[in-house]
Structures are given as structure tokens and as C-alpha cells.
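S.K.: So the protein sequences, as listed, match chains A and B. Number 40 in our numbering belongs to position 40 of the first sequence; there are no gaps in the numbering. Number 50 in our numbering belongs to position 50 of the second sequence; there are no gaps in the numbering.
Keep in mind that the hints are not guaranteed to be accurate.
You can't tell identical chains apart in this list, so a pair holds if it fits in one copy or across any two.
[Said to hold, decoys possible] In silico DSS-like links for lysine-lysine, alpha-carbon gap of 25 Å or less:
(1) 67 with 92
(2) 26 with 55
(3) 92 with 55
(4) 67 with 136
(5) 15 with 67
(6) 136 with 92
(7) 55 with 27
(8) 15 with 27
What the hints contain is simulated information worked out from the structure, not anything from laboratory work.
2 protein chains.
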Amino acid sequence: MARAFQVFPIGVIRKSDDDVRIIIYKKYRKGLLGLEQFSHIHVLYWFHQNDIPEKRAVLHVHPCNLKENPLTGVFATHSPMRPNLIALARCKIIAVEDTVIRVDAIDAFDGSPVIDIKSYFPPDDPSGTIRIPHWKRKSD
Amino acid sequence: MARAFQVFPIGVIRKSDDDVRIIIYKKYRKGLLGLEQFSHIHVLYWFHQNDIPEKRAVLHVHPCNLKENPLTGVFATHSPMRPNLIALARCKIIAVEDTVIRVDAIDAFDGSPVIDIKSYFPPDDPSGTIRIPHWKRKSD
Chain A
1 MARAFQVFPI GVIRKSDDDV RIIIYKKYRK GLLGLEQFSH IHVLYWFHQN
51 DIPEKRAVLH VHPCNLKENP LTGVFATHSP MRPNLIALAR CKIIAVEDTV
101 IRVDAIDAFD GSPVIDIKSY FPPDDPSGTI RIPHWKRKSD
Chain B
1 MARAFQVFPI GVIRKSDDDV RIIIYKKYRK GLLGLEQFSH IHVLYWFHQN
51 DIPEKRAVLH VHPCNLKENP LTGVFATHSP MRPNLIALAR CKIIAVEDTV
101 IRVDAIDAFD GSPVIDIKSY FPPDDPSGTI RIPHWKRKSD
């Protein structure tokens, strides 16, 4: 088996009905310098509830858990079941307050471990060229 | 220290002067079903050349390694030095051929381990609202 890489939680997602906060651990505070100059971030978090070998071995899913969607490879989806349980969400920053990033919304569970934050830059090529399959257009 | 998560390479990036290939290991072949219906993917790979504790402890950088750019937290950049060495690249698919995804370009080293592939959907909110700092506008 190939060597595994080690990923350490750098924070945690806290959600309530009217508030979504990305709480970064104090030891990583310096990493946030200048983040408030961006309007958006990519939040990478860990699908921790699926961290068992059986779920990490799943390679085919019905997207959005809808049986009418065709069986699809996990790499063609954003399924929370995949070999490496990395979730990717683009969020709008509401405020950066010390080690807390308040964002507009995130499709994650309260308590999800955060593994990276990246400032968001628009892609270089125009979005007009994007192509997606029929099942994804229905799910929007 | 918080529990570490295990990330396993699912493939490798191969680059030559005129060709960029994401080679997925055969055991993950099923995960690619349907990927050819998308025009773009997010490729997540590992900054393997920086996988030593000293580089993973760096929290401040001059973006793009330019001293004239202000000292910035790594989470406000895409620096290859960061606590978890996850790289994120959006790529245009040229072709999906069995377990090989040919893409237009990627800013990675030949031999970089691939840790996830995600189909790319355009963000829900319009890009017109994106805000980035001065140093990033200069670096484009």
C-alpha cells in the first residue's frame, strides 16, 4: 500500500440556525493574516462521519443520493463517500474576527474538522465554457 | 495533538512539455465513471516536496515568493507551504482515457501525488461580487 499522508485538523465548523463560523485553532492564528481582504474562501474540511474503510471503499454513487440519478464515479461527484474524505466548499466571508471566520453558509455538519482554508481567486478562463451532465443540471 | 487523518495517493501527475496527464491508479478506476461529461475538474494533489515538519509550520509567506508582496497568512494564499499540504487546481479536461485524464495545464511538479478529483460545477453566486487584495491583482 502506498504511503499515507498525515492531515491534521486546523479548526472546526460551528453551525447554528443563523450563524456559520469556521473556528481556527489558536496555534494557526498567524495563517489568517490578510484573509479579510478577500470576499470568498475555499474551506476544505473532512467528512469525518464517513471515516471507516467500508465507506472509503465506495467508488460508485447515485449523485445527491437520488436513485433516478445515474450511477456515477465518486470523482465525478462531490459525494461525501470517497477514498480521501476531503470536502471543498466555496463560502462568502461575512467577517474575520481573530481566529473566527464567519461565513454565509456551508453544507457541512456542525463539528466537521477543518483541514485547510484558501483564499478564493476567480478562475482564469471564463465560466461560459463550463459543461456539466444532465443529472447535475436537474439537481441545482 | 489532535488525531491525524490518513490521506492515500489515488494517482500521480505526469507532465511533459506538451502533455499533462492525471494518472489514476487502477484500483480507483470505477471512481471515474461519468467524468467525461464534465468540461472541468478540481484536482487535489499533495505538495510532497514540502512534507517536513519545518515547512508545515510556516504560517506567513510573501505571496508568489515576491518580497514586494506583503507578508500574508498562508490561508490567505495558495502557497505550497501550509499545515496540510493540499493543492487545489481547476483544470480543463482534454480527454478521459481509461484511468488517464488529460488536462490542459496544471501548476504542479511531475510526480506530484493526486489525492482527489472532483467534477467542477460553477459557483451558485455570480463572480461579479468577488473581491481580492491588491497584491493578488498584480500577480495575475
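S.K.: It remains to establish, for every hint, whether it holds in the given structure.
M.R.: Evaluated hints:
In this homomeric assembly, residue 67 and residue 92 never come within 25 Å of each other (Cα to Cα): the closest approach is 32 Å inside a single copy and 29 Å across copies. Taking CA atoms no more than 25 Å apart as the test, residue 26 paired with residue 55 passes between copies only; the shortest distance there is 19 Å, against 32 Å inside one copy. Within a single copy, residue 92 and residue 55 get their C-alpha atoms no closer than 30 Å, and across copies no closer than 29 Å, so neither meets the 25 Å cut-off. Proximity of residue 67 to residue 136 under the C-alpha cut-off of 25 Å is restricted to the intra-copy arrangement: shortest distance 13 Å within a copy versus 43 Å between copies.
Within a single copy, residue 15 and residue 67 get their C-alpha atoms no closer than 29 Å, and across copies no closer than 38 Å, so neither meets the 25 Å cut-off. Proximity of residue 136 to residue 92 under the C-alpha cut-off of 25 Å is found in both arrangements, the shortest distances being 23 Å within a copy and 18 Å between copies. In this homomeric assembly, residue 55 and residue 27 come within 25 Å of each other (Cα to Cα) only across copies, at 15 Å, whereas the closest approach inside a single copy is 32 Å. Taking identical chains as interchangeable, the C-alpha atoms of residue 15 and residue 27 lie at most 25 Å apart only when both belong to the same chain, with a minimum of 22 Å there against 37 Å between chains.
Comparing the model with each numbered hint stated earlier shows that hints 1, 3 and 5 do not hold.
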